[in-house]
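A.B. asks: In the order they appear, the protein sequences are chains A and B.
Be aware that the first sequence starts at 1, since it is given in this note's numbering, and climbs by one per residue.
Be aware that the second sequence starts at 1, since it is given in this note's numbering, and climbs by one per residue.
Among these hints, one or two may not hold up.
[What the hints assert, rightly or not] Derived DEER-like restraints, expressed as beta-carbon distance ranges:
#: 1; chain 1: B; residue 1: Y149; chain 2: A; residue 2: E121; range: 54 to 64 Å
#: 2; chain 1: A; residue 1: G319; chain 2: B; residue 2: R114; range: 26 to 36 Å
#: 3; chain 1: A; residue 1: R282; chain 2: B; residue 2: P62; range: 21 to 31 Å
#: 4; chain 1: A; residue 1: G319; chain 2: B; residue 2: E121; range: 39 to 49 Å
#: 5; chain 1: B; residue 1: G369; chain 2: A; residue 2: S160; range: 51 to 61 Å
These are computed hints drawn from the structure, not numbers from a lab.
For glycine and all other residues, C-beta sits at the position ideal for the given N, C-alpha and C.
Number of protein chains: 2
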Amino acid sequence: MIAVPKGFDFTVAAAGFKYAQRNDLTVLRSDTPCVWAAMLTRNLFQAAPVLVVKEMLAADRPVRAVVVNAGQANACTGEQGLEDCRNTLSMTARTLHLAPEELLPASTGVIGDRIKMDLWEQALAKLDAGLGEASALDAARAIMTTDKYPKMAWRSLELSGKEIRILGMAKGAGMICPNMATMLGFIICDAGVDQNWWRQAVAVAVEHSFNRITVDGDTSTNDCVFALANSRAGMVEEKKELTLLAKALAEVCAELAGLIVQDAEGGTKIIHVRVSGAKSVRQAELAARAVGHSPLVKTAMYGQDPNWGRIVAALGRSGADFDPNQVSVALAGQTIFHLGAPVAMDWDNLLAAALCRQEVHMDISLGGGQGKYTLLASDFTEEYIRINAKYRT
Amino acid sequence: MIAVPKGFDFTVAAAGFKYAQRNDLTVLRSDTPCVWAAMLTRNLFQAAPVLVVKEMLAADRPVRAVVVNAGQANACTGEQGLEDCRNTLSMTARTLHLAPEELLPASTGVIGDRIKMDLWEQALAKLDAGLGEASALDAARAIMTTDKYPKMAWRSLELSGKEIRILGMAKGAGMICPNMATMLGFIICDAGVDQNWWRQAVAVAVEHSFNRITVDGDTSTNDCVFALANSRAGMVEEKKELTLLAKALAEVCAELAGLIVQDAEGGTKIIHVRVSGAKSVRQAELAARAVGHSPLVKTAMYGQDPNWGRIVAALGRSGADFDPNQVSVALAGQTIFHLGAPVAMDWDNLLAAALCRQEVHMDISLGGGQGKYTLLASDFTEEYIRINAKYRT
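Looking at chain A on its own, in the form it has when it is part of the complex (with noise of 0.2 Å):
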């Protein structure tokens, strides 16, 4: 069972934005005001509806609910983006009978694309006349653009006899979608907490899994993440009970996150690409974002080639600073490189059934620190190259 919380429902419609019959607006909506966090794409060109949202986390009131569109971006739109997102959130929220500034904006689709307001006038209607009635999965489904599948994942948890729920649903099919969408993630909570706990405790979930996972190393002008917190099931206060509240919503995040590695465009791994022994996290990272990110590791490992050269050869020149005498690298739970020096045994063999498998796991160890980091990523195929060279044609 889909754990909703209490206190919000779904409302999508069909307004034809860009995909024929399918719904593609989507409302999600609590019954009294929330606590929430936004963490927005770290791109310099920056969509109008992220601009709207950082204007209210500047503006620091609580909001009520969350209106994305899939199909137009509304990214490098200009002052004319603003006013149309701007547009977008009076109308609906005249619909929804809340104020706009309770309303935070999400859109994804190609870059350049102003929102259809014509479409999204016309669409008010069905909003209306369908307020409350979808499912949390049809609102999973709405958001998407080329998703393959819905992407969605929650936990519900007692504390001090309340039952907390979290649910989280997300899109996306690389850091950059092939209509140039975005990851866009969503949380919903009914537990009651502090605003400040709040954004403290998504901004960690949401760097240690929609910020480590890699599909192309592109960052999109879209990509958002929204928690809202609306205390219908009670105020979670303890220390102990916010701790069990924080791992939940790390843990859906982190869910939803390898939803997304997992739909990559033309993807067919999910390499866990573990990095310790650094210097620091920093150094950590940059050596595991050059494995990840790496296109002759991402073949290697879609051609089930067991191939440490590679891996070695992007950890070098990374720009993490190690010992390569130190060095030890595992594929698949096999130390196949060791200090520094290859581990002579038949890898094409002894690793073929693992490399075989969707997930595959890699430890490098960098001999020299305490820093780790754990980044997810796709591989890359032929199908990649399809998808992102053609689908304008």
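Fit chain B to the supplied structure of chain A, relying on the hints for placement.
C.D. replies: Quick look at chain B alone, frame taken from chain A:
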């Protein structure tokens, strides 16, 4: 006519290291001692021959020849690899009637493979028999691994009545080749020049050529460029003449670098990513590399898609510091993005002819400074994936 510098000759032999029925052992030799420079890979994992050349740089004695084997990289081979490299130098020096320390070694092939010492020893008789019999083209062919064609460039210039010749050759079909080989470059020149001046000129030429190309962003463990000048055509010492010589050297390097990108694994395009208006050269480089390495930009160019959204998204995440509202992008000479906003035109049709061409020019202005950088990049194709996923199976 290939301008072969005076006093240099070439020898090749088929040792059978990896490739059947072709030459794979190459000597470039001068009949007099040379002033020399060596630019080596910055990868922390450095192949045995690279480590030996570092020792030779420290010892700083004149050299007479370069010996190259294609087939085994002799990288990540530990102490044994260093001993193997030194033994090949002793054996080969004896055959060439030189001292081992007059011989610069370079290897290319699969990382982790040791040099087949028995085959090398057997090939010495062939080397001896063919001493000086090969052409420069024979040498350029014998250093290839999976290159589709030999890569050479040359200049001849008259300085104070003396004819000075520079000849370069290179191998490489990616920063790392399908077999984890390398980019190797060899430059020979018959000018007499000061060693320090030569090293500085080579460093500048390499920085602006071989260090500004990318196929997949991966840097090999064996990359190196050696440049030898034997003074057989007379001394070059006047400032004006040195400037002309440095220019010719830079042109030879740039031409070879372009040939490597043109031969990129599976590549169909040569993308000239020119960034200007950055706050510094380093900032311009960050921006250029983000665009030139972006799988989404590379697949768009393969798909002949004027997708400015992917270019600006890559710029925005590059780490370069700029104002998005000052950014302009021109593709094939047409400004498709101006001061932070797209230029509304039917670029799909207007740019169709230009994007069919092999050479694509991408001019990016960040609008905020004097920093400039040009990177040559290849595109990403299904064939790249095929080569790199399947070659070991």
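A.B. asks: If a hint holds in the structure, say so; if it doesn't, say that too.
C.D. replies: Each hint, compared with the structure:
1. Y149(B) x E121(A): 54 to 64 Å: Holds, since Y149(B) and E121(A) (Cβ atoms, about 60 Å apart) stay within the stated range.
2. G319(A) x R114(B): 26 to 36 Å: holds (29 Å)
3. R282(A) x P62(B): 21 to 31 Å: violated (44 Å)
4. G319(A) x E121(B): 39 to 49 Å: Cβ of G319(A) to Cβ of E121(B): about 40 Å, so the range 39 to 49 Å holds.
5. G369(B) x S160(A): 51 to 61 Å: holds (58 Å)
Figure legend: structure checked against the earlier numbered hints; the only hint not met is number 3.
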